[in-house]
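Per UniProt numbering, the sequence shown starts with residue 1, numbered consecutively.
Treat the hints as calculated values from the structure; they're not laboratory data.
Please note: incorrect hints may appear among the correct ones.
[Unchecked claim] Label-pair distances were calculated between CB atoms; the ranges are: (1) Asp192 - Asn61: 18 to 28 Å; (2) Val183 - Gln129: 39 to 49 Å; (3) Thr42 - Leu128: 29 to 39 Å; (4) Lys86 - Gly130: 20 to 30 Å; (5) Asn52 - Val114: 17 to 27 Å; (6) Asn169 - Glu115: 19 to 29 Å; (7) Arg93 - Gly184: 44 to 54 Å; (8) Asp55 - Ile133: 16 to 26 Å; (9) Ser112 - Asn52: 23 to 33 Å.
Heads up, the beta-carbon is just placed ideally off N, CA and C, and yes, glycines get one too.
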Amino acid sequence: MKENALKDDFISIRETARELEEMGILRIFLRSAVVGRDGTITRVVDIKRFRNFSDLLRNWNEEFAVVPWIGFNTNVSPITDPVFRKNFVEHLRGLVRGLSPSQIHLDIEPVSPVEDFFSLIAEVRMSLQGIYISVASPKLTLKGFEIYEGVREQFWDIEALMRLCMEVNEIVIMFYDTGFYRVGDYVKYVKDSLTTLLPLTMKAKCQVSAGIPVYYEPSRRHNPAVENIENFLKAMKEIFYDPRFAVMKFSGFSIYDYKNFDKIEMDMLKNFMEIYGKAGEKE
Numbered sequence: 001m002k003e004n005a006l007k008d009d010f011i012s013i014r015e016t017a018r019e020l021e022e023m024g025i026l027r028i029f030l031r032s033a034v035v036g037r038d039g040t041i042t043r044v045v046d047i048k049r050f051r052n053f054s055d056l057l058r059n060w061n062e063e064f065a066v067v068p069w070i071g072f073n074t075n076v077s078p079i080t081d082p083v084f085r086k087n088f089v090e091h092l093r094g095l096v097r098g099l100s101p102s103q104i105h106l107d108i109e110p111v112s113p114v115e116d117f118f119s120l121i122a123e124v125r126m127s128l129q130g131i132y133i134s135v136a137s138p139k140l141t142l143k144g145f146e147i148y149e150g151v152r153e154q155f156w157d158i159e160a161l162m163r164l165c166m167e168v169n170e171i172v173i174m175f176y177d178t179g180f181y182r183v184g185d186y187v188k189y190v191k192d193s194l195t196t197l198l199p200l201t202m203k204a205k206c207q208v209s210a211g212i213p214v215y216y217e218p219s220r221r222h223n224p225a226v227e228n229i230e231n232f233l234k235a236m237k238e239i240f241y242d243p244r245f246a247v248m249k250f251s252g253f254s255i256y257d258y259k260n261f262d263k264i265e266m267d268m269l270k271n272f273m274e275i276y277g278k279a280g281e282k283e
């Protein structure tokens, strides 16, 4: 358990709501469950806590949404197994009944656009009719960028991303800096990706959002969280006032577990807001 965890008090939650609203972020993706290898959903977030958190934010601004985030890695979870699929869809439906959200976010992390992934998404959509479904999307494959070996498979071609757009309400492109040798490459990549994708996804009537990732520890292939955010915003600053991007909503970053949301994350959030505000200023 982290130290100095924020308490469930009105002051901290309202302050968070006010600051999120000021920077135009009206959604928080909250990790809400763990998916077992048999497809069952366990360790579900406390329903009362989830609803209280959601209600407090919505009392501040009715457009706020606390979105349950459920995910698993297809390298580990057997999505070809009919038992796994049946359990996952049934448990997901039960989770939605308990939390009563208007939207869910799926982070299934397929490393390649396999048919089993698309068919599972279709099953979920049929099972949760009336629920807005967003899916974490791999990045777009673009020529001319040097990428670390070992992460190339995490980039999809545009045909696969457009197919995903036809299946869900929204794709959230996770702009991790994973695999980029130089900051300049990453900045150019973000800009080129959005320039390429947005006109196409608008035709598909699919919302595109930019997911800004948060890392706690830097590694060989990752920058620390705040650096990744800064790099992302360097790209956004270049296109901030381009009318082609007016339809885009930014997901901001995900709070992985609200009960452990502590001073470290709050300081990171405030740093993010400061950077975000500067990125929107005209020079």
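Aspartate 192 and asparagine 61, beta-carbon distance inside 18 to 28 Å?
violated, 34 Å
**Report entry** CB-CB spacing for glycine 130 and lysine 86 relative to the 20 to 30 Å hint
**Finding:** holds, 21 Å
I want to verify a distance hint. Is the separation of the beta carbons of arginine 93 and glycine 184 within 44 to 54 Å? holds, 45 Å
Given a hinted range of 29 to 39 Å, is it respected by the beta-carbon distance of threonine 42 and leucine 128? With a Cβ separation near 19 Å, threonine 42 and leucine 128 fall outside 29 to 39 Å, so the hint is violated.
With 19 to 29 Å as the target window, see if asparagine 169 and glutamate 115 comply at their CB atoms. This hint holds: roughly 21 Å between Cβ atoms.
Query raised in the report: For the pair valine 183 and glutamine 129, does the Cβ-Cβ distance stay inside 39 to 49 Å?
Result: This hint holds: roughly 43 Å between Cβ atoms.
Q. How does the Cβ-Cβ distance of aspartate 55 and isoleucine 133 compare with 16 to 26 Å: does it lie in that range?
A. 23 Å Cβ-Cβ, so the 16 to 26 Å window holds.
Does the Cβ-Cβ separation between serine 112 and asparagine 52 fall within 23 to 33 Å? Distance hint for serine 112, asparagine 52 is violated at roughly 40 Å.
Item to check | Pairwise beta carbon distance, asparagine 52 to valine 114, judged against the given window 17 to 27 Å | outcome: violated, 39 Å
Taken one by one, the earlier hints fail for this structure at numbers 1, 3, 5 and 9, listed in ascending order.
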